[in-house]
Every structure is written in structure tokens, then in C-alpha cells.
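Residue numbers (our numbering), protein chains in the order written: chain D, 259 to 563; chain A, 1473 to 1981; chain E, 10 to 283.
For the record, the hints were derived by calculation from the structure and aren't laboratory data. Honestly, I wouldn't trust all of these hints.
[Unchecked claim] Chain D regions said to be covered by chain A (calculated; three or more residues, Cβ under 8 Å):
1. 293-306
2. 496-510
[As the list claims (entries may be wrong)] As a list, the in silico EDC-like pairs of lysine to aspartate or glutamate whose alpha-carbon atoms are at most 20 Å apart:
3. A:Lys1616 to D:Asp520
4. A:Lys1616 to A:Asp1918
5. A:Lys1616 to A:Glu1892
6. A:Lys1863 to E:Asp58
7. A:Lys1600 to A:Asp1558
8. A:Lys1616 to A:Asp1895
[Said to hold, decoys possible] Restraint ranges, calculated between C-beta atoms of paired labels, are given here:
9. D:Val277 to A:Asp1574: 52 to 62 Å
10. A:Glu1739 to D:Asp306: 53 to 63 Å
11. A:Glu1857 to E:Ala197: 17 to 27 Å
12. E:Ser56 to D:Gly382: 45 to 55 Å
13. A:Arg1762 to E:Val189: 24 to 34 Å
The beta-carbon is built from N, C-alpha and C at its ideal position, and this holds for glycine as well.
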Amino acid sequence: MFLVSLLLASIAVFAFMSVLPGDPAQVALGVQADPEAVAQMRARFGTDRPLVVQYLDWVGGLPTGDFGTSYVTQAVIGPQIVDRFLVTLWLVATGMVIAVVIAVPVGVVAAVRHREPSGALLSGASQVGIAIPNFLAGMLLIAVFAVHWRVFPAGGWTPPVDDPQRFLRGLVLPAVSLGLVQAAVLARYVRSAVLDVLRQDFIRTARAKGLGPYRALVRHGMRNAAIPVVTVLGLQLATLLIGAVVVERVFVIPGLGSLLLDGVANRDLLLVQGVVMVLVVAVLLVNYLVDLLYVVIDPRLRRGQ
Amino acid sequence: MDRPFSRVTALATAVLLSLAAACGAGQTADPQGGNGADGGEQEGTELTVGFAAEPANLDFTTTDGAAIPEALLVNVYEGLVKINQDGEIVPLLAESWEISDDRTVYDFRLREGVQFTNGEPFTAEDVKFSIERVQSDDWTVSLKAAMDVVESVEAVDDHHARVTLSEPSNRWLFQMTTRIGAMFSREGVDDLANEPIGTGPYMLDDWVRGDRIVLERNPDYWGDAPGIQTVTFRYFNDASALTNAMLSGGVDVIGTVQEPETLEQFESDEYQVIQGTTNGEVVLSFNNGREPLSDVRVRQAIKHAIDHEAVLETAWAGRGELIGSMVPPHDPWYEDLTGVYDHDPDRARELLEEADATDLQLAFRIPNLPYAVSSAQVVQSQLEEVGIRTKLDVLEFPARWLEVVFTNHNYDMSIIAHVEPRDIVTFGDPDYYWQYDNPEVQQMLDEADSAQEGRRDELMRDVARTIAEDAAADWLFLLPNLIVAAPDVDGLPTNRVGEAFDLTELTRG
Amino acid sequence: MTRRLNANLIVGAALVGLVVALALVSFVWTPYEPTRINAGVRLAGYSSDHLLGTDRFGRDVLSQIMVGARTTLFVGIVAVGVAGFAGTPLGVMAGMAHSRWVSEGIMRANDLLLAFPALLLAIMFGAVFGASTLTAMVAIGIATIPTFARIARSRTLQVMKTEYVLAARAAGRTRVAIAVRHVLPNIAALLIVQASVSFAIAVLAEAALSFLGFGTAPPTPSWGRMLQEAQGLLRIAPRLTLWPGLGIAIAVLGFNLLGDGLRDYLDPQLEDRR
Chain D
259 MFLVSLLLAS IAVFAFMSVL PGDPAQVALG VQADPEAVAQ MRARFGTDRP LVVQYLDWVG
319 GLPTGDFGTS YVTQAVIGPQ IVDRFLVTLW LVATGMVIAV VIAVPVGVVA AVRHREPSGA
379 LLSGASQVGI AIPNFLAGML LIAVFAVHWR VFPAGGWTPP VDDPQRFLRG LVLPAVSLGL
439 VQAAVLARYV RSAVLDVLRQ DFIRTARAKG LGPYRALVRH GMRNAAIPVV TVLGLQLATL
499 LIGAVVVERV FVIPGLGSLL LDGVANRDLL LVQGVVMVLV VAVLLVNYLV DLLYVVIDPR
559 LRRGQ
Chain A
1473 MDRPFSRVTA LATAVLLSLA AACGAGQTAD PQGGNGADGG EQEGTELTVG FAAEPANLDF
1533 TTTDGAAIPE ALLVNVYEGL VKINQDGEIV PLLAESWEIS DDRTVYDFRL REGVQFTNGE
1593 PFTAEDVKFS IERVQSDDWT VSLKAAMDVV ESVEAVDDHH ARVTLSEPSN RWLFQMTTRI
1653 GAMFSREGVD DLANEPIGTG PYMLDDWVRG DRIVLERNPD YWGDAPGIQT VTFRYFNDAS
1713 ALTNAMLSGG VDVIGTVQEP ETLEQFESDE YQVIQGTTNG EVVLSFNNGR EPLSDVRVRQ
1773 AIKHAIDHEA VLETAWAGRG ELIGSMVPPH DPWYEDLTGV YDHDPDRARE LLEEADATDL
1833 QLAFRIPNLP YAVSSAQVVQ SQLEEVGIRT KLDVLEFPAR WLEVVFTNHN YDMSIIAHVE
1893 PRDIVTFGDP DYYWQYDNPE VQQMLDEADS AQEGRRDELM RDVARTIAED AAADWLFLLP
1953 NLIVAAPDVD GLPTNRVGEA FDLTELTRG
Chain E
10 MTRRLNANLI VGAALVGLVV ALALVSFVWT PYEPTRINAG VRLAGYSSDH LLGTDRFGRD
70 VLSQIMVGAR TTLFVGIVAV GVAGFAGTPL GVMAGMAHSR WVSEGIMRAN DLLLAFPALL
130 LAIMFGAVFG ASTLTAMVAI GIATIPTFAR IARSRTLQVM KTEYVLAARA AGRTRVAIAV
190 RHVLPNIAAL LIVQASVSFA IAVLAEAALS FLGFGTAPPT PSWGRMLQEA QGLLRIAPRL
250 TLWPGLGIAI AVLGFNLLGD GLRDYLDPQL EDRR
């Protein structure tokens, strides 16, 4: 089933790309190219072959990780995609960690105190947090922490192996931009999930026995509350892989989103196809992983049917 | 009970392995021969310069775009000759040269003791190789057409190269200062996209695609060592990110300012702002080949309707110069033609009435570049005041703009900066996208190419004046060379006269 | 089933109302022509002439904000419209289908569509059809179809098990009749709530796309593009970031609160919180 989805996705992607107006050969040669040179270039790229042939050629290479060679950069595409994907992954993963670290306590407290003003306040704060675009958060963070107080760099990327300290410093602001907004979204789900759990019978029993609300929760409820939260986390991770592109722009981080945008602008069709396929696979994989995690978290599922 | 746990273990292992692999993230492309200077970095010998457009690869013989020669020409690759800040041709790899009386034979005396970074010596054979390579299929960039006039190249001896042209051409020697004149090693063209091998004062040290190019001083350089040991070109596809990097110390220099209205925050003792000229004419192009702009009166009306000072003020914060034709002030045949069509909306309306064109609706198709988007809105608003309505289409650049406007000529007006030096010759090509076909101009351009210098300048001035008076296009303004730098940096190029960002004169401290 | 007005509903409706009011008024009157360039008053501050100042072209900010409200609403309407009118029938069909193939087929196609994030589709559509508000929003709408389809389907399945429906089926009513009389009214509440939430998401998406250059093209005013233009001027004229940013935040907040409020008001059984 997974494979069928992949195959269908690959056809959809290829079909879409072939409809894009704009000739890669023309773009590669730029202004002042004459028709003869363009024709030659097309032959070099192989874009003058029938579409079915081009599709089979491309799809055939995928299982072995051969994404072809870029029209524009003349570099092999595969390693490039992997590299940029990892960069985005670092960014998104750190953002999600920050989000979870903020959202869980906030959501739990908001749920436990949902009848009190403090709970309502936290809930309101998370609502406001969602309403702010993450690139706006990024712009503001740069203005304050990079330009005004030169605590963090305004952007750029250092590979972790090159200089771990610079890498970490450069990761803070963009990850926080992503993380804060995600935290707001997540907090609401946490609150809702915890509220549901609080109403369950076994919690009432625990409370009746005299346990405080937090301890009752931790002992008995967290697993159940975790399920919807984990689902949301999975969905968010999948969307963030491309959603981080705006933050990548603001902070000049060479991630997957930027690679995609450049590829589209240059009509680097093979590159774009490759990036989209990788994204699609990533999303499908994440969903699969989330299903796996369920089994770990939910004791009922674990005990076998 | 076992299954979920082993699944979890598998999961955990996978995560740990990926983490280990991910630590190398962001390191694509091979560094050439190791990192860093010997003996560690010294204070004041490092510089980071920020730019906008990133080079797609390192091979300007097959890839168009300004970013590659910007970094590599003059710094890594050298030609026989070079252009100085005043626009004059000066010796570089050629110590001197003699031109025959009929001006078709050039004898170049080459500098001795020059070697490429692959260890091979630079000789006349390399000159022959490089020039013939331009004419071959290995070069695909259209600028190569300028080498068509070369009939033969001869390596008379190791340090004497003779180039014979099929006819006298003033243009040729000038073009040898651009990328087509770069000297390549016979043994050094295997992987130009990733490994540039030249004779220049710098060599490639590292290249992180999408982020930066690092150049290192070439220890075997034939001339004076450049002032800065390591120069890093950093690329920002977002103009504000570049500005922020400057403000937060991420770069020491902004090589080309993309947002001039932000310059006021750099007017302080902490920064220096440099403004000079470039070859970048921002042209409001007219499609002379179809109605209604085929009627000269309509074109003239448009030119009268535009208040160029307001356009410059609004679109580029007043930075830049007004020009009346396709000639920047540093070209030898420059003449101030800004007065040919002054801002006269009444005259514009008169002309439109004469031409029976009082109800125009023009297709205004522009690329999505900042200067174009800004200028277009001002122009649109000014044209409305004289009764010309325009439909603004912002096209993705490069792909869609090239297709729609440049190749298919499907437009009435457009705006784009033409940055090649001495590109007034495009008005002599009737097939160029502005479809301007004036046999008189074509003839004058031909004559100017083979004429003696004095006559050449005269003819070129005539060409400039003719296309201005004929309203073949409108020249909104000349893009300024705008640089912001830390105060201790010296030797920055005031004028951008060629494609290169010249690092050779830079010093710090 | 008590229907109670609650804080979320009131505040949400008020904020949304504010945005709608701005948009409606803008059709009748704005202080200036929002696209009128006036080089003489570039980057002016607050004044009696220009209540919210001017931008780098000398255009009046208040006028742009008002007309920008139109774009914001347009954005939401198209995206939610596409998602709702395409996704709902699909979901209902999947929920009512007798044959497993139809039901599974629709859901598989749904999952496939889900694998293409909204931003990605919008970028690609923008490249093919040219960047404009409409193409971006249609793309986002298409990417939101799975959400509506899923909700429609799962609720339809529940409704199909109720007594009313079982009776109708026993009585031999056609599926279309059942769908119209029983299913749609019962899923409407949930869909309206989702519409509100998706509206908010669409507004944020347009802002992001305009920032990247794939959204509303100039010179049409759009809050997202105003933010993009104001970026470099953050230190010189922070007010140019403040007002469109505030506009977006109010719109998104309003629709989110409205969605929550509607959920509590229309069908408290959906999520018992009090």
C-alpha cells in the first residue's frame, strides 16, 4: 500500500512538473541565448525525449538513490537533497523539542486550572501565540537579539561538525521562532487531551483517594493524554518540513525549502521532482512512525488484541 | 510482548544513527585541498562579504548569471588584460601588446614566471587553448559570440602570443577584459563546475552550496600578494537578511546593497557607505515591433510622462544616476542626453492625441526583482496621469520572464537592468527583444567597430543620440554601485566597471 | 443540549466583525487611493493627514490596511470554499458508500493528497499559473480538502448508525435523500467549526506565501506583502510591521476563537469542556 502511494505520488509529481511553463534549457543559458544553443542544451538535458521515457528514466533511478544530475548546478542531486534535508531536520527537530518543552507544562496547567483565571490566561496566551506568523516572530527576534543586543547571529548556518558552538548559537533564534508558534498550537491540544483524561473515572478514583491533581495525572493519565498529542506532533513535523521554508528565508539557512524554491525559479525540474518525492516519502514515513509510537504508549494496544 | 520492544529498539537505533550522520549536515561540495591558512589565522586578514544571488556552480563558461564571475573573475581567473576603475584597459597577464597597422594582428608579450594553481606554467599555448575553447562547443554562454571575430591564434614562443582577427574590431580587446578573456590551463578544465584553476591572487578553499565561497590567498601568485588572507563570499537570497547580517556583524561588507532605503541606518561612524557607478542601466523597454508602441509618438509620449527623478527617488531611494541613453558615464563616448525628453505631461497628452492613442491599455510585464517591482509601480502611476492605463504582470524571474518577454516578445513594456558592459550594441540587433530595427544605427555600429578611436567615439555618440531621440527605449536610471563596509576596510571598488568584485586592492586595519 | 453564549464566541465574532467591517467600509471609502504613490511623503510618521503614516512609496498605510482586509477575507473564502465544497461530498460519499472500494479508494486518495503540504502545492501552482492570490488560495484549498473529507466521513459514519437513518433506509429512501435530509444537517455544525479554523490557517498561509513572493502580486494591497516590504525597514519604521502584523494576528485570532466558540455553542456534546 505504501509502495502504491509512492508510485502514484511520483506520477503526480512528474506530471505536474512537465506542465510547468518555462524551458530549463532556456533558463540555463539565460538572456541572449540563440535558438540553436537552446536546442543543443535540450539534447544535453534529455528534455527533448518523449515524456514517458523521461519518467521511466527518472523513476528507475529512485530506488537506488539516483536522482539524476541537476540542469543548473551540474552536481549530482541525491547528496544535495540529503544534505539540505538534514539541515531542515535539525531546525525542525529542535523547534519541536522547544515546542514540547513549553507546551506540555503550559497545557497541563491550563487544563488543571481551567476554571481559574490563570488557566484562562494561559489558554488565551496560546491562542494569541498561534495568531503570529512564525516569520514575523523571527524578524522580531532578530531585531532584538541579533541586532540590538548582539547575543545571537542574525542568520547563517554552520555544520555541527565544523564548529559546534557556532552551530548551536546559530540554531537558537530560528528554532525558537518555529518552536514558539508550534508550542502555542501544541499547548491547546495538550490542554484538551488532559481535560479529557481528567474526567475519566480512574482519575476521579485517584483524586478520591487523596492524590493531588498533578500526581494523579502523572501516575495514571499521561499515557492516554499522550496519544492525541503524539498524533498532532507527527502531523506538525510533516508540515513543518516545508513550512520551515519561511524561517529558512529569514535566517538564511540552506535547507530543503530553499532548495525547492531555487529549483522552481531555475526550472531545475529534476531537482524539484527529487525534493518533492523526498518530502512526500518523509511525510508518509512520519505517519508510519507515529503509528509505531502508539503501540509503545498505549498499554491496551501493547497487550495484543 | 516482545514485538513492540524490538520495534522500539530498531527505532531507537535508527534515530541514533541518523543523529550521527546528521552532524555533518550542510557540508556539500568538496573543499579544494584542505582548509585554512598555514600557521593559523592572523588578525585583520579575514573578510566576509555579503551578496544576493548565489552562483549555481563555479563554471561561467557554461552557466549564465553574474554571481560566478563576480567571485572568480580577476580574483581566481585572470585575463591578458583588465579594466581599471576609470574604465581603461590595462595589462594583466600580458605585459604589453602591439597592434598591427591594419589593426587585425595583436602581438601579446606575456608575463614570465606565472603559474596556475595546479602547478602548470602559464604560456602562449594556454592563450591559444583558452581562446580556441571559447570558440568551441565547450563554451555555451552566449557572450562567446564576441570571440567570433578571431581568425587564428599562434603561440610564437612561450611568452609571445599572436592573435589574428578577421577584421579590425575595437570591441574585441575590450571584451577580452570580460569572462571570455579568462585564461585557463590546458590541464585544468576537467571539472570547472567545482574546481576552478586559475592564475589569480586567490584560490578556492571551500564552497558550501547555498551558503558561501571561501577564497584563500594564492602563495604562488606572480604579483603583489593581496592584503587579505581569506575572503568569504556569503550569499543571502533575502535582502533583509543581508542587512541584518551587516548590523549584527555576520558580514564585514555588503557587496551590493539591495535595499537602498535602509541605508540611513548605516550613516554613522560605525560604517562606511560607498556609492559609485555600474554598467547596470535600468531600462524601461518598449516593444517597438508591435502596436501601439511601434508608433514613435506613443513612445515619445511615454517618455514625456515619466518623471525620472521621482522614479529614482521612490524606487531606489534617490541613489543612482539619471541617464538619457544606453551609456553609463564611464564609457568614453558618454554624453548627457537626459534633456532630450523632459518631464512634460501636457506634451505627452498632445502626442497621444496626435497619434490617436488616447485610450491605451498596455501589457506591462516585469520580472519579480525588487528594483523592477518598485519602479513599475511609480511608472504605472505616472502614466495613468496622462491617460495611459497599464496592466501590471509580475513574472517569475528568470524562467517566465525569459519565456514571455525575452523569447516570445509577448509584451508592450517591461523593466530590467542590463548589466553587461557596453551593451548599447543590442540596439543594432533587430531580433533582440526590443525589436528595434533602424538600419542607420546598425550601420553606424558596424563602422564604429572597425574605425579608429576618435572616429569610433564620434560614431558611438551618434548612435546613443539617435536611439535616445528615436525613443527606442526609456532609461529609468543607472544602478549605483552601493557598498556598506566596516570602517577599517580599504580598497573597495568604487565603480563596478566589469563583472568582477575586485578583491586585489583590499586591506584592513 | 444547552446552547450558551460563551466568551470565545463573543470575542471571536467581534474580532472577525472588525475585519469584515474594515473590508466593507473600504468598498465605499478609504482616506486615500491605496495604490497612489507620492514620493514627497515617503516613510512619513503618524499625522493628521495620514493616520497610520505612509510606506516607502508614500502610500497611505491606513488605506492599505483597509483594502488589505478585503484580500484577507477573499483568501479565506476561496480556500475554505474549495476545501468545503470539494471535500464534504467526498467525505459523505466515503461514509455512505456500500462498496468498500469506493470508501477505501476515496480515503487512500485523501491520504495521498495529505502527503503534499499546502505550502508546497501553493509554490508549484504559483510557478505554473503565475503568482496571484487566487492561485495560491486554490492551492491551499485543495491541500485542505483531506481535512474536510475526513471530518465529513467520520461524522457521516456516526450519523448513518442513528435511528433516523436506519428507519429511513428501512423505508427505502434513496441515498441522496438520506444524505440531504439526515446527514448534511448533522455534519453541518462540525464543518462550520472546521471552516472557521481553516479560515485562520489560510490567512497565515497567504502571509507566508506573500513573504516568499508567491502570494498577492503588487500593487494589490495585502497584509502579508506589506510585512514583506516592511522587513528591511524594521529599525527605521517599525510601524510598517506593526499594523499589518496586528491585522493578521487579529484576523487569525478572531477566526480561531470563533471556531472554538461555535463548537461550544452549536454542539456542546462534541467536546465536553465545562
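Verification of the hints:
Only residues whose beta carbon comes within less than 8 Å of a beta carbon in chain A count, and the region 293-306 of chain D has 3; three or more means the coverage holds. Counting residues of the region 496-510 of chain D whose C-beta sits closer than 8 Å to any C-beta of chain A gives 4, which meets the bar of three, so the coverage hint holds. Only pairs whose Cα atoms come within 20 Å are accepted, and A:Lys1616 paired with D:Asp520 is rejected, the gap being roughly 26 Å. Of the supplied pair hints, the one linking A:Lys1616 and A:Asp1918 holds, its CA atoms being roughly 18 Å apart against a limit of 20 Å.
Among the hinted pairs, A:Lys1616 with A:Glu1892 is consistent with the structure: their alpha-carbon atoms are about 13 Å apart, no more than 20 Å. Among the hinted pairs, A:Lys1863 with E:Asp58 is inconsistent with the structure: their alpha-carbon atoms are about 30 Å apart, more than 20 Å. Distance restraint check for A:Lys1600 and A:Asp1558: the Cα-Cα separation of roughly 29 Å exceeds the 20 Å cut-off, and the hinted pair is therefore not satisfied. Restraint check: the Cα-Cα separation between A:Lys1616 and A:Asp1895 comes to about 14 Å, which is no more than 20 Å; the hinted pair holds.
At about 56 Å, the CB distance of D:Val277 to A:Asp1574 agrees with the hint of 52 to 62 Å. At roughly 54 Å, the beta carbons of A:Glu1739 and D:Asp306 sit within the given window of 53 to 63 Å. The given range of 17 to 27 Å is broken by A:Glu1857 and E:Ala197, whose C-beta atoms sit roughly 52 Å from each other. Our hint of 45 to 55 Å for E:Ser56 and D:Gly382 is violated, since their Cβ atoms are close to 34 Å apart.
The beta-carbon spacing between A:Arg1762 and E:Val189, approximately 55 Å, falls outside the hinted interval of 24 to 34 Å.
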